[in-house]
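Q: All residue numbers for the sequence shown refer to numbering that gives the first Met the number 0, where the first residue is 0 and numbers rise by one.
Everything labelled a hint here was simulated from the structure, so no lab data went into it. The reader is advised that the hints may include incorrect statements.
Stated by the list, open to error - Pair by pair, the computed Cβ-Cβ distance ranges are:
| no. | residue 1 | residue 2 | range |
| --- | --- | --- | --- |
| 1 | SER275 | ALA79 | 13 to 23 Å |
| 2 | ALA23 | THR173 | 34 to 44 Å |
| 3 | LEU297 | SER55 | 47 to 57 Å |
| 4 | ARG226 | HIS285 | 35 to 45 Å |
| 5 | ALA79 | ASP151 | 45 to 55 Å |
| 6 | LEU240 | SER55 | 42 to 52 Å |
| 7 | GLN196 | GLY78 | 32 to 42 Å |
| 8 | ARG24 | LEU114 | 33 to 43 Å |
| 9 | GLY63 | LEU246 | 40 to 50 Å |
| 10 | TYR293 | ALA79 | 38 to 48 Å |
| 11 | LEU114 | THR199 | 45 to 55 Å |
| 12 | GLU56 | HIS285 | 34 to 44 Å |
| 13 | ALA221 | SER275 | 44 to 54 Å |
| 14 | GLN2 | ARG249 | 19 to 29 Å |
Here a beta-carbon is modelled for each residue, glycine too, at the ideal position from N, C-alpha and C.
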Amino acid sequence: MTQLDVVTGAFSYSGAAIARELLARGHQVRTLTGHPDRAPAGTPIDARPLDFSSQSELTRSMAGAHTLYNTYWVRFAHGAVSHEAAVTNSRALFAAAAAAGVARIVHVSITNPSLDSDDSYFRGKALVEQALADSGVPSHAIARPAVLFGGDGVLVNNIAWLLRRLPVFAIGGTGEYRLRPLHVDDLARLCAGLGAQSGTVVMDAVGPQSLTFRQLVTEIRAAVGSRSVLLPVPGVVIPPLAAMLNLALRDTLLTPGEYRALAVGLADSAAPAAGSVVFTEWVRAHGAELGRRYANELDRHFR
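Can you make the complete structure from the sequences, with help from the hints?
A: Written out as structure tokens, the structure reads:
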């Protein structure tokens with residue numbers, strides 16, 4: 000009998016990559032999504048609403064599933080949505096999975112989550128991991144990526160978009176803070192593999208290459224043929240610059256918390272590589288297509 004798995008957000012970014020990988024492995028996939036209207040025509044994925052207001056509906060939507068692959072989170076607060084609300088919603092999701100008899104949860108978190116963090120994003124991620132451990136689901140695995148690239152990802156594309164258009168690109172401080180980018184398909188393969196295991200696993204999901212932020216931007220700049228000048232500025236200047244761009248773009252390009260997390264090294268890890276796609280090789284191969292269009296987060300998730 001074909002195994003049924005549930006993926007949150009299978010028509011979005013990392014969830015879509017995980018769903019593709021599971022389908023390629025012969026699994027049946029159901030998704031819980033906030034945008035069931037975005038289901039592509041002819042998709043083999045069974046789409047159900049991700050409705051946190053109905054615990055019974057969440058439970059019914061996961062009935063018969065072996066594994067829940069959870070990518071649900073919110074990047075930033077907007078309207079009634081907040082990191083605190085996302086923690087509450089995650090608890091409801093895990094409780095519904097336990098009630099539905101789901102055997103295993105594979106959860107996508109973040110590098111360096113901490114209950115003691117002053118940042119609501121990283122503290123919230125730690126609270127969700129704690130809620131998963133307390134959920135009563137028989138077994139779980141947690142993959143902790145930092146920066147994802149590939150597919151229709153936002154970060155690298157929008158850096159490329161800015162580099163194609165701005166004569167100057169500001170880098171906070173020296174730009175020597177490091178990160179370990181992971182290709183989204185490598186994350187998908189990792190998560191599918193974790194779903195096939197048993198027992199508790201918690202691991203950083205980072206790529207094979209460690210880069211400084213300045214190196215990352217320099218590689219993107221070269222790949223897209225930009226002549227933008229990379230200008231170091233004091234770190235305190237980055238949030239107000241980002242706020243001006245947010246207004247101009249009608250989006251949230253970068254939050255102050257995201258910059259601070261990057262600048263203090265929370266996107267870095269000394270863990271072994273969890274994937275094989277090398278960022279510099281990938282960006283050189285895809286430079287011609289990067290940054291041709293701006294990827295608007297508010298349009299994707301809220302409008």
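Q: With respect to the beta-carbon atoms only, verify the hint that ALA221 and SER275 lie 44 to 54 Å apart.
A: violated (22 Å)
Q: Could one say that the CB atoms of GLY63 and LEU246 fall in the range 40 to 50 Å?
A: Cβ of GLY63 to Cβ of LEU246: about 47 Å, so the range 40 to 50 Å holds.
Q: Mind checking the hinted window 35 to 45 Å against the Cβ distance between ARG226 and HIS285?
A: Since ARG226 and HIS285 have Cβ atoms about 19 Å apart, the given range 35 to 45 Å is violated.
Q: Determine whether the Cβ-Cβ distance between ALA23 and THR173 falls within the hinted range of 34 to 44 Å.
A: holds (42 Å)
Q: Taking 33 to 43 Å as the stated bounds, is the beta-carbon spacing between ARG24 and LEU114 within them?
A: holds (35 Å)
Q: Could one say that the CB atoms of GLN2 and ARG249 fall in the range 19 to 29 Å?
A: This hint is violated: roughly 42 Å between Cβ atoms.
Q: How does the Cβ-Cβ distance of LEU240 and SER55 compare with 42 to 52 Å: does it lie in that range?
A: Between LEU240 and SER55, where Cβ atoms are some 47 Å apart, the hint holds.
Q: Taking 45 to 55 Å as the hint, is the beta-carbon distance of ALA79 and ASP151 inside that range?
A: violated (26 Å)
Q: Quick check on a hinted range of 13 to 23 Å for SER275 and ALA79, using CB atoms only.
A: 40 Å Cβ-Cβ, so the 13 to 23 Å window is violated.
Q: Taking the Cβ atom of LEU297 and the Cβ atom of SER55, is their distance within the range 47 to 57 Å?
A: With Cβ atoms ~31 Å apart, the hint is violated.
Q: Starting from the hint 34 to 44 Å, judge whether the C-beta atoms of GLU56 and HIS285 obey it.
A: holds (40 Å)
Q: Assuming the hint says 32 to 42 Å, is it satisfied by the Cβ distance from GLN196 to GLY78 or not?
A: Since GLN196 and GLY78 have Cβ atoms about 38 Å apart, the given range 32 to 42 Å holds.
The structure is inconsistent with the numbered hints 1, 3, 4, 5, 10, 11, 13, 14, although it conforms to all the rest.
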